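Got chain A; can you put chain B on it based on the hints?
Listed in order, the protein sequences are those of chains A and B. Its first residue numbered 1, the first sequence is counted upward by one per residue in my numbering. Its first residue numbered 1, the second sequence is counted upward by one per residue in my numbering.
Because the hints were derived from the structure by calculation, they are not lab data. Remember, predicted model here, so these are calculated numbers, not experimental data. Certain hints may be false.
Listed below are several chain A residues computed to face chain B (Cβ distance under 8 Å; list not exhaustive) [stated by the list, open to error]:
(1) Val-106
(2) Thr-113
(3) Ala-119
(4) Gln-123
(5) Thr-136
(6) Asn-242
(7) Ser-261
Backbone N, C-alpha and C define an ideal beta-carbon position, used for all residues, glycine too.
Number of protein chains: 2
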Amino acid sequence: LAHHEFDAAIELASAGEHRFSGATSPAYANMVGPFGGITNAVLMNAVLMHPQRQGDPIALTVNFAGPVADGAFEIEARPVRTNRSTQHWTLQLTQQGSVAATATAVFALRRDTWSRGEALAPQGMPPVSALPRAATSGRPAWAQRYDMRFDEGELAVPFDGQEQPHSVSRLWVRDEPPRPLDYASLAAICDSFFPRIFIRRRAPSPVGTVTLTTFFHADSVMLAEQGDRHVLGTARALNYRNSYFDQSAEIWSDGGQLLASTHQMVYFRE
Amino acid sequence: LAHHEFDAAIELASAGEHRFSGATSPAYANMVGPFGGITNAVLMNAVLMHPQRQGDPIALTVNFAGPVADGAFEIEARPVRTNRSTQHWTLQLTQQGSVAATATAVFALRRDTWSRGEALAPQGMPPVSALPRAATSGRPAWAQRYDMRFDEGELAVPFDGQEQPHSVSRLWVRDEPPRPLDYASLAAICDSFFPRIFIRRRAPSPVGTVTLTTFFHADSVMLAEQGDRHVLGTARALNYRNSYFDQSAEIWSDGGQLLASTHQMVYFRE
Numbered sequence: 001l002a003h004h005e006f007d008a009a010i011e012l013a014s015a016g017e018h019r020f021s022g023a024t025s026p027a028y029a030n031m032v033g034p035f036g037g038i039t040n041a042v043l044m045n046a047v048l049m050h051p052q053r054q055g056d057p058i059a060l061t062v063n064f065a066g067p068v069a070d071g072a073f074e075i076e077a078r079p080v081r082t083n084r085s086t087q088h089w090t091l092q093l094t095q096q097g098s099v100a101a102t103a104t105a106v107f108a109l110r111r112d113t114w115s116r117g118e119a120l121a122p123q124g125m126p127p128v129s130a131l132p133r134a135a136t137s138g139r140p141a142w143a144q145r146y147d148m149r150f151d152e153g154e155l156a157v158p159f160d161g162q163e164q165p166h167s168v169s170r171l172w173v174r175d176e177p178p179r180p181l182d183y184a185s186l187a188a189i190c191d192s193f194f195p196r197i198f199i200r201r202r203a204p205s206p207v208g209t210v211t212l213t214t215f216f217h218a219d220s221v222m223l224a225e226q227g228d229r230h231v232l233g234t235a236r237a238l239n240y241r242n243s244y245f246d247q248s249a250e251i252w253s254d255g256g257q258l259l260a261s262t263h264q265m266v267y268f269r270e
Numbered sequence: 001l002a003h004h005e006f007d008a009a010i011e012l013a014s015a016g017e018h019r020f021s022g023a024t025s026p027a028y029a030n031m032v033g034p035f036g037g038i039t040n041a042v043l044m045n046a047v048l049m050h051p052q053r054q055g056d057p058i059a060l061t062v063n064f065a066g067p068v069a070d071g072a073f074e075i076e077a078r079p080v081r082t083n084r085s086t087q088h089w090t091l092q093l094t095q096q097g098s099v100a101a102t103a104t105a106v107f108a109l110r111r112d113t114w115s116r117g118e119a120l121a122p123q124g125m126p127p128v129s130a131l132p133r134a135a136t137s138g139r140p141a142w143a144q145r146y147d148m149r150f151d152e153g154e155l156a157v158p159f160d161g162q163e164q165p166h167s168v169s170r171l172w173v174r175d176e177p178p179r180p181l182d183y184a185s186l187a188a189i190c191d192s193f194f195p196r197i198f199i200r201r202r203a204p205s206p207v208g209t210v211t212l213t214t215f216f217h218a219d220s221v222m223l224a225e226q227g228d229r230h231v232l233g234t235a236r237a238l239n240y241r242n243s244y245f246d247q248s249a250e251i252w253s254d255g256g257q258l259l260a261s262t263h264q265m266v267y268f269r270e
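The following block holds chain A by itself, in its conformation from the complex:
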């Protein structure tokens, strides 16, 4: 497997007990600072790399407490409680002693049990090959790291200020170049949906995710089966009110299995 920019971006070095050091990657830069999804992924990676880690991810919540500056950062990842089947983590991402992000994670050993889907995978999606790759020119660097193929709810180019009745998007998405899906890349993809207010208003505004929660439904076997093919993503908002809106998204395998669901609150200005 050739070296992938994603792996370089989430690379961490051990820096003592419960501590890791890393650095932002220009390849995953956003308008200002790094793409939130790569921060989500590198916090996930700190737990994945931790020698005391037990089991696979069930949930990860990342709070974006302040701007992440381009450059070095440190992550503290601490297993605060390990039970027979679950393990609870608290994390902080700091730069020069200032907290840029806090996080909590739940990992667990799963057992084979009665299982059912309840939500349905989006129906009627055209095949990947029938949809053009979304343009990335003029977009931040991170957007060029994804191959996105929209069936609905693409970012308008240019913005025309025509308010839409809803903000639903459906698309095929994968890392670009292709990379086998794992928990870290899935965590990043969960934040790869453009802010819903851009889809709804078709107008620019300053925005920033303040908190992002991701639930992992896939086990490692399902991720391996997905390989490096496109996953199906869908996103929407429930409500925009007085500086904040929410955004929910689902990531489905191309075989129709729910891999992750994710929810965030986003700050906006007019």
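Quick look at chain B alone, frame taken from chain A:
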């Protein structure tokens, strides 16, 4: 206003800088230990009571790391970063030095901005007066602290093992006796939906929420307008797989405004 059991259950005493002491309340007991919603509420209350608190709740994530025993507990609530409009908190609930819950919260000062609903309030709900109050006999104490009136998806009595095609519930719910809605009681109501697997399978199984995230869309004016009348709750699951399922819920005002949306991952055994 008469003393309400809810206020007694979330009561905290200052126990030093960033520290509070409280105790579980038999009035909000679950099958084992306290109702998760009251733990959600008391953690919210620690931030609300903190002298450095700025603004209103935007998001609260509580991780149920281990069982909460009946009796005394201590909460540490620490403002890890205060920005111009947002404030980020980390919390821990401990009993005799053992971590029973971790949490993070985001508070913020909101501004008047462009605002829109996107999700619709459930349509066609019968008025509160047209629905009977759900029975509470044989239920844990906490369930008796709520007046629930189901339009759909009530807990089957008795369980008959008839698996249902989905787990959607819609109901009117308020504190019993009535109590004016505030952020703490809204946080508790967000966890008052019975575990979706009980609705789906109509069969008992050991369950436990491992993580609960709540987004607050309401400002304090909207909560005051709601007063002590029933709010409209709706809940569903996306997926049940190998020991875990997710559960999402929305709380709407009786005037059709989204007050809160909430998402949890729940452990289950067969």
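Just to be careful: measuring from the Cβ of Ser-261 of chain A to every Cβ in chain B, is the smallest value less than 8 Å?
holds, 6 Å
Should the interface hint for Ala-119 of chain A be scored as holding, given a Cβ-Cβ cut-off of 8 Å against chain B?
holds, 4 Å
Could you check if Thr-136 of chain A really has its C-beta closer than 8 Å to a C-beta on chain B?
violated, 27 Å
With a cut-off of 8 Å, does the beta carbon of Val-106 of chain A approach a beta carbon of chain B closely enough for the hint to hold?
holds, 5 Å
For the hint on Thr-113 of chain A, does the least C-beta distance to chain B fall short of 8 Å?
Where the cut-off is 8 Å and the nearest Cβ of chain B is about 5 Å from Thr-113 of chain A, the hint holds.
Quick check on the hint: Gln-123 of chain A CB to chain B CB, less than 8 Å?
Not OK, violated: Gln-123 of chain A not within 8 Å of chain B, min 15 Å.
Against chain B, with CB atoms and a cut of 8 Å, does the hint on Asn-242 of chain A hold up?
OK, holds: Asn-242 of chain A within 8 Å of chain B, min 4 Å.
Violation of the numbered hints given earlier is confined to hints 4 and 5; the remaining hints are satisfied by the structure.
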